[in-house]
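When you get a sec, could you build the whole thing from the sequences and use the hints?
Just so you know, the sequences run in chain order A, B, C, D, E, F, G and H.
Per the numbering used here, the very first residue in the first sequence carries number 1; after that it's consecutive.
Per the numbering used here, the very first residue in the second sequence carries number 1; after that it's consecutive.
Per the numbering used here, the very first residue in the third sequence carries number 1; after that it's consecutive.
Per the numbering used here, the very first residue in the fourth sequence carries number 1; after that it's consecutive.
Per the numbering used here, the very first residue in the fifth sequence carries number 1; after that it's consecutive.
Per the numbering used here, the very first residue in the sixth sequence carries number 1; after that it's consecutive.
Per the numbering used here, the very first residue in the seventh sequence carries number 1; after that it's consecutive.
Per the numbering used here, the very first residue in the eighth sequence carries number 1; after that it's consecutive.
Just so you know, the hints here were simulated from the structure itself, not pulled from any lab data.
Ideal placement from N, C-alpha and C gives every residue a C-beta, glycine not left out.
Relax, there's no trap hidden among the hints.
Cβ-to-Cβ under 10 Å is the rule here; a few derived chain D residues that face chain A: (1) Ser31; (2) Pro33; (3) Asp36; (4) Ser40; (5) Asp42; (6) Ile47; (7) Leu48; (8) Gly49; (9) Val64; (10) Arg68; (11) Arg70.
If you want the ones that stay clear, here's a sample from chain F, every Cβ over 10 Å from chain H, calculated: (12) Thr2; (13) Thr13; (14) Asp14; (15) Glu17; (16) Ala50; (17) Glu133; (18) Leu147.
Protein chains: 8
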Amino acid sequence: MTLKVYLSGEIHTDWRERITEGAGDLDVTFSGPVTDHAASDDCGVAILGAEADKYWHDHKGAMVNAIRTRKGLMEADVVVVRFGEKYKQWNAAFDAGYAAALGKSLIVLHGAEHAHALKEVDAAALAVASEPEQVVAILRYVLSGRLPAGAD
Amino acid sequence: MTLKVYLSGEIHTDWRERITEGAGDLDVTFSGPVTDHAASDDCGVAILGAEADKYWHDHKGAMVNAIRTRKGLMEADVVVVRFGEKYKQWNAAFDAGYAAALGKSLIVLHGAEHAHALKEVDAAALAVASEPEQVVAILRYVLSGRLPAGAD
Amino acid sequence: MTLKVYLSGEIHTDWRERITEGAGDLDVTFSGPVTDHAASDDCGVAILGAEADKYWHDHKGAMVNAIRTRKGLMEADVVVVRFGEKYKQWNAAFDAGYAAALGKSLIVLHGAEHAHALKEVDAAALAVASEPEQVVAILRYVLSGRLPAGAD
Amino acid sequence: MTLKVYLSGEIHTDWRERITEGAGDLDVTFSGPVTDHAASDDCGVAILGAEADKYWHDHKGAMVNAIRTRKGLMEADVVVVRFGEKYKQWNAAFDAGYAAALGKSLIVLHGAEHAHALKEVDAAALAVASEPEQVVAILRYVLSGRLPAGAD
Amino acid sequence: MTLKVYLSGEIHTDWRERITEGAGDLDVTFSGPVTDHAASDDCGVAILGAEADKYWHDHKGAMVNAIRTRKGLMEADVVVVRFGEKYKQWNAAFDAGYAAALGKSLIVLHGAEHAHALKEVDAAALAVASEPEQVVAILRYVLSGRLPAGAD
Amino acid sequence: MTLKVYLSGEIHTDWRERITEGAGDLDVTFSGPVTDHAASDDCGVAILGAEADKYWHDHKGAMVNAIRTRKGLMEADVVVVRFGEKYKQWNAAFDAGYAAALGKSLIVLHGAEHAHALKEVDAAALAVASEPEQVVAILRYVLSGRLPAGAD
Amino acid sequence: MTLKVYLSGEIHTDWRERITEGAGDLDVTFSGPVTDHAASDDCGVAILGAEADKYWHDHKGAMVNAIRTRKGLMEADVVVVRFGEKYKQWNAAFDAGYAAALGKSLIVLHGAEHAHALKEVDAAALAVASEPEQVVAILRYVLSGRLPAGAD
Amino acid sequence: MTLKVYLSGEIHTDWRERITEGAGDLDVTFSGPVTDHAASDDCGVAILGAEADKYWHDHKGAMVNAIRTRKGLMEADVVVVRFGEKYKQWNAAFDAGYAAALGKSLIVLHGAEHAHALKEVDAAALAVASEPEQVVAILRYVLSGRLPAGAD
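Structure representation (structure tokens):
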């Protein structure tokens, strides 16, 4: 059994690396958005031509990025959505809703301080974690049935 | 043709009333979440029993509220999602993602100051408006083909 | 908004009546299986001809009953599944799984003594209640946003 | 043709081994739930943190287990559900309902003493067997067209 | 509960009348193909222009008829397929397969002499009847839970 | 049986009126795009604000119009697509493809001179007509089984 | 591009071999029912236990065979259905209807003498052939764009 | 991540080669229609027999071609539709509508002179390009996150 996991959300910390490295020995394939912030913002105009209006500049980029994110979300077995400390992160919540409507297994990753604001998102999830290593432990358990050492 | 419209998001201003009243002469049925903030937060424990842990208190409420919101979203032709000035509003973005994945016609309603942060959400929308009256004008046009007086 | 509610499971107590009567003032339509135990067991052979073998006797009845139960489940917004004190009640759990796979809002109704054995079923539910009156309160809240008197 | 087979239900006897070993020469891949009872019960709290309340302890585990079981059920061609001698086994019946709603080919495995109680589940199945070796014979026939030696 | 019933197959006997009249007191709506044999054969060329080639004459008619039959099949809760004494009746079996793939409740109506030839069709059905009155009895039971008088 | 019919395509002749008037006695409901060419082109900017760039002017209008056309197409039983003498009419062909992918019954209406260029579109249709009155005759036949007078 | 082709219908002539051998150089995988007539009839009772009643003997076999045929039909890109000279062949027409409802590309293979009786089945097909070699030529063309030598 | 890309539309220029060669180093698989115009027009009659009537000659070919194009469209992640200088190209717009209804990521490729006529098609797209090399750049960015050299 190979698990296909999509890692959505916050791009300013190393949480993706902590998951992909922690799960390095597991039968998992990861996908996610482009995490180069500048490239992600500018991809539309860089490829398809400049826009005078900032709104359409952003729009063209968001549309091109959607080619990647929709494929990743649609093919995933598990969608992990990380909410960090800063920014509105509405795209993370959007991805969570999108994944929920597709019937994906959703894991939400956030600190306790966001629990109340994220209660509707968490309510659609099969697991709510605070640390990336917990996500790794879930993937390991789902694939092998093994719990973390010392967990008993 | 009757349009079924779901009004998602911010609950602290009168935008819902401005839409439902403005569209009073149209063949539209509206639905939306429970907008009584206290009832919405407490419905789970009020009906199903108290929880010592705030997380589960919130969780039970969010699950009960989902009975209403999922039905509204699934039955809607058009989903309007409003982002206001305050709070994280992740549930609004979650609803937008959910609606997008279901193939609903999405209208996003927010001020220009949120345009960059909402670019992925806007990219999934068929219209991005800043005022509730614009949503009314869209509904009127969709149903009747008539544009606002003076619009030409 | 009309809620379509399917009442599945235990047929030996008055829980269905307590719900349908309690919700008498609400915009709800109820459906459910045939609750006349003898008719339900014998409908296949009574209509389509006797069977020498008890297995096929039961089978013909279960198939005819499925015409009704599948329609009820597929058209429902909310599926309430009641587990009682006696019998295996595998058909109730089957209906719960069927409803979950269809993405229905699931409410499970059982006593605390069954909580551990039903944890996988409860995990697919949006609400777990112990009394029929709680189901009524949920339906009332979902439709009107009103909580039970004294709940605060 | 590779058959993907999910083995659901009872975890206290060796029926899974009898099937996987008996089908060792066939083009079949098997999946199933975690069958380590203690790990399965505790996986939620072991990974995501302890719960004071037994209900939420169970709930967190059931949710994490659902990541595995939903994937197995959704990807399967054939779902085999075993009902044993003991316990309520509502999760087995839940899986059978879930599989039926997804249109999976369902094989139910149980002793004759449960036939009446399982008649609704059996009615959704393409085969009802009493011994694991019969399941192996079905898989062999489906893949190769060969019947058991002496079967004529 | 209103049952939508599609009556497919043989058009040379009065079985449809026996069902629609027998079910005259029930909350059932019936649909079915055009049963005027000549009109059904010629509708394509009569409306869309003559064809020199008999094959295309037939084809144009079959396509126009499909507008009606697909709608009837897709909207039905229950599809009754009748196999009579004469002709190949491949369109009846085609409709049965179409209905089965759509997950409709299928009732097959035929004499015992066709049982072996129809075993794959019957295997997809929830009921196999030999007389139209049995179909009426099923519809009555499904809607009301009442069995035929004298059936006990 | 009520037929829901969507009338897509060319907006410069009276073909829609010829169909809706011809079918005035039938149980049919019609929908279609906004056929006021100027309003259709300008609806986006008239409601949501002017655009300096003609491309985005058009884009905003096309998106708003999609709210109406997608609903009409998705709810229709029958989609009639008319190709006229002038213009590229790519939106008509787009609607035909959209309808085909949704499994709608497609009727294509065009003159013989376009037959070769439309062969892929026609291949997805259940009927290809050249006059609006033929569409009316099809709707009448589908609903009532009656062929045009003199057709035999 | 690999084409997955399901070969349904008549089992008394060598048409399957003529197709699979003719397509031996193409990127095609074939599946189909068990074509050993005796095994196909008896598989149910041979594996799951004898039945006194011939109807249930047949039924058990048809159900077990459905595990194979449903998988083959559901996974196919192209479903070829062959109608031969003899027997009712209702299972072939059933498979054609099943494939049509799933949106599969359907090729029907039959002699001209059956054209009228099969007009509804042919109307759901993308090709109607009379010889297995034509099916091979279609598969070759679909994969490579090459027409048969001499075809011009 | 492998992207499956379907290249639909105009067959008279080298745009397909410019894309497939430009993307030669990427993890992309391409599919598309048969681009040999004569073979594409005649495939139906060449394989299945001549037709006296040009309409049916075309029809048989369009149906056979649909076996290939439907598979390509249904399996694609990204559908690129090219509109060229000449011809009606209704099949290109049909494919765009088909892809849109299936929820595929749509890229439209056309010169600025067609922008107004294609506004409804463009409105369903995630990117609108004028040069094949822009499509290559999009595919490269989607797979690797890298923008074209000099794009900043």
